[in-house]
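With these hints in hand, go ahead and build the complete structure from the sequences.
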Amino acid sequence: MPKIEAMYVYIAHEKGDSDDEGLCAFKVPAMGFEKEQWIPMVGADEARMMSLKEKAQEIANSTGQKITLVKFSVRTELETIIPNHRPAPTRKEG
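Everything in the sequence shown is counted per the UniProt record's numbering, starting at 1 for the first residue and increasing by one.
No wet-lab data here; the hints were simulated from the structure.
Hints are supplied without guarantee of correctness; some may be wrong.
[Said to hold, decoys possible] Taking lysine-lysine pairs in the DSS-like style, the calculated list, with each CA pair at most 27 Å apart, reads:
#1 Lys71 to Lys55
#2 Lys27 to Lys71
#3 Lys66 to Lys15
#4 Lys3 to Lys35
#5 Lys15 to Lys53
#6 Lys53 to Lys66
#7 Lys35 to Lys71
#8 Lys53 to Lys71
#9 Lys15 to Lys55
#10 Lys3 to Lys66
#11 Lys55 to Lys27
#12 Lys3 to Lys71
#13 Lys53 to Lys27
#14 Lys53 to Lys3
#15 Lys35 to Lys15
#16 Lys15 to Lys27
#17 Lys55 to Lys66
[Claimed, not checked] What follows is a set of in silico ranges between Cβ atoms, one per label pair, in the way DEER data are often shown:
#18 Asp17 to Arg86: 46 to 52 Å
#19 Thr90 to Val42: 33 to 39 Å
#20 Phe26 to Thr90: 38 to 44 Å
#21 Ala6 to Pro89: 17 to 23 Å
All residues carry an ideal CB built from backbone N, CA and C; glycine is no exception.
The structure is reproduced here in structure tokens:
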């Protein structure tokens, strides 16, 4: 996998206050106990985000909010989480 150098996000602007923004998301059928789950409209490549453009338009149409595709490209690593244990060894039978 290539190193992530940028993140793309669809952002909704609240009506009447363009400085009040929120991350766009949509529901999809889920596996497991829940019937649906939320999928945030965030991605690491522009092509993937362009594939969600129609969904962003649907959100704009249904909410009346302006939707903007934003690229964040300054990488600041805040923390690295490392495993604190090793997987149990496979038990040989015989």
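Earlier hints that do not hold, by number:
4, 7, 10, 15 and 21
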